[in-house]
Amino acid sequence: MAILKTVESKFFQAEIPYKPMGKYAHFLTIRITESYPLFQTDGELNKARVRAGVKDKTTISRLSMFKRKQSTPERLVGRELLRNYGLMTAQECEYNVNFAMDNPDCIIYGFAIGDSGSEKSKVVVDTAFSITAFDESHETFTLNAPFENGTMASKGENGSKAGEVTSRINQQDHIKPQVFFPSIVTLKDPTEASFLYVFNNILRTRHYGAQTTRTGRVRNELIGVVFADGEITSNLHWTQAIYDQMKASNTLNQPDPLDEDDVITAAKSAIETLMVDEFIVHTDLIGDAFTSLINEVKTLTGSEKGIKEILQKADAEAKTYANKHISKKKTAAKAGKE
Amino acid sequence: MVFIYRCQLELHDSLYFATREIGRLYETEPIIHNYALCYALGLVDSEIYSTTVAEEYSYRYFCPEQVPKYEEHLTPLNQQGIYVTPAVAISHYAILNTWKYANNNYHVEMEKTQKNIPSFGRAKEIAPESKFEFFTISQKPLQLLKWIRLGKWMSKAELTIQEVTKIELKTGNFTFSYPLNPLDVMFTHQVVTYDVINMPPVSLIQNVSICQGHYYEFNNPNKTEKLRLPAKMQYRFKA
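Protein chains in written order, with UniProt numbering: chain F, 1 to 338; chain C, 1 to 239.
Derived from the structure by calculation, the hints contain no laboratory data. Note that the structure is a prediction, hence the values are computed from the model and not measured. Please note: incorrect hints may appear among the correct ones.
Derived, one-sided and incomplete: chain C residues facing chain F with beta-carbon distance under 10 angstroms [unchecked claim]:
| hint | residue |
| --- | --- |
| 1 | 58 |
| 2 | 62 |
| 3 | 63 |
| 4 | 98 |
| 5 | 143 |
| 6 | 146 |
| 7 | 154 |
| 8 | 158 |
| 9 | 162 |
C-beta atoms are modelled at their ideal positions from N, C-alpha and C, and glycine is treated no differently.
Start from the sequences and build out the full structure, keeping to the hints where you can.
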């Protein structure tokens, strides 16, 4: 029985298929930084030199949010919920250590374990790029570790020489608040429950990037969902189209941060224009059509009964799939080796 | 009747696959193997292109083992007369990325290494907005996808295709500067000289000169001289 009333059931698979069947749900999100997150690998923020817009061909450096730095926190939120509602224990399935291979997280987001095989991820995320250039989207902070008295000079604590100045000082680049990263999350072959599972993960995830800094607050503003029979435009293309649009309407008020309303308006009209150029079959839920869907989803995931129903259904589907396609395969593979 | 398409790929994300592994450095060469392209273009095991494969070799979300099935997967393309050449970068930049496996504990203790498997490394990737070019030869008109995914991280790339016109089939000595798969060309052509591009599973060759072979001649949109693309290429796996 269908959970959602605002979306036609034809966009969903009745069960998780074992082969790609060409149904896609694309979540259109704008990820907005709300504190000072850190996306880095080499002690330096990740960035890419790309064209500013589709029309504006000058090259600029943009901050980039690498794929797995988006999907991993979202996965972890889903796993947290599964454990909270007793559908998974920490012992039977540990992320990147020991995958149980039969729960919604493993089946929807995939896994790879040497001998036991691999499940391809049905969620595909691409690197997201900031709308504004790197120079105006980051700040350098000096970090220090002061003594108990709050100064950098020793008062003779713990055997140190009094008056000695600590060398515990460092510099680190951080991404500023109100930097916007348009990002499309693609879910292949969604069932209604897996669609809601991923939807809920995107809505609930609040922190991305380096966790230990506790500063990575990011809000996901969903502006729509596109159901299609194929892939749609890229994050980079969408970001560049937004940039063009905002430049044309003079809302790129550098060096001030962008206005959220301007970004959302530009993002909606940019994606609508881009979707016209796609030669695939697609149904776009953007604007009013999306409002009723997101309200319904928020009502569902906001109540214990609703979220439990989604998680249980997703879990039952994952178990059915695992029984049918994984355990059998695993024994067959083993038998083949002997 | 033959249809030849000049295809261009523009990367919209950084592209990574290991052409070679040098200790902890994983290097992506700006060349995409033609086997990989067939999969990325969706030509393998497809009802649209009539290349479905036997159920036991079909593409599935769950793979019990990591064994390539090139022969089983690409032979149906031969039957349909579809051939894709390897893609070469016509403009590209490389970027270095460090990657690591981390867990979600709040503190990590260093354990003694038990296996010789790196938990971090550096990957040389091809930057977004780099462009690649390749050719597709088909006996029937082909409609290819606009957005495809490539490499280990399934990076999005935009495909633009242009149908080549005024194709002439000729015989003679000729050279072809783009990369080719030697297995696919050497059974039908006498390859005289070439440069090797080292990569698994089949190293590619470029700047190939061929003696007395069949080729398609057509205008090269970028250059004044005509392009001569070897004809009768097929996926071959055994001599």
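Results for each hint:
1. 58: Cβ of residue 58(C) sits 6 angstroms from chain F, so the hint holds.
2. 62: holds (5 angstroms)
3. 63: holds (5 angstroms)
4. 98: holds (4 angstroms)
5. 143: With a minimum Cβ separation of about 9 angstroms from chain F (threshold 10 angstroms), the hint on residue 143(C) holds.
6. 146: Holds, because the Cβ-Cβ distance from residue 146(C) to chain F comes to roughly 7 angstroms (cut-off 10 angstroms).
7. 154: holds (6 angstroms)
8. 158: holds (7 angstroms)
9. 162: Violated: closest Cβ of chain F sits about 16 angstroms from residue 162(C), beyond 10 angstroms.
Hint 9 from the earlier list is the only one contradicted by this structure; the remaining hints agree with it.
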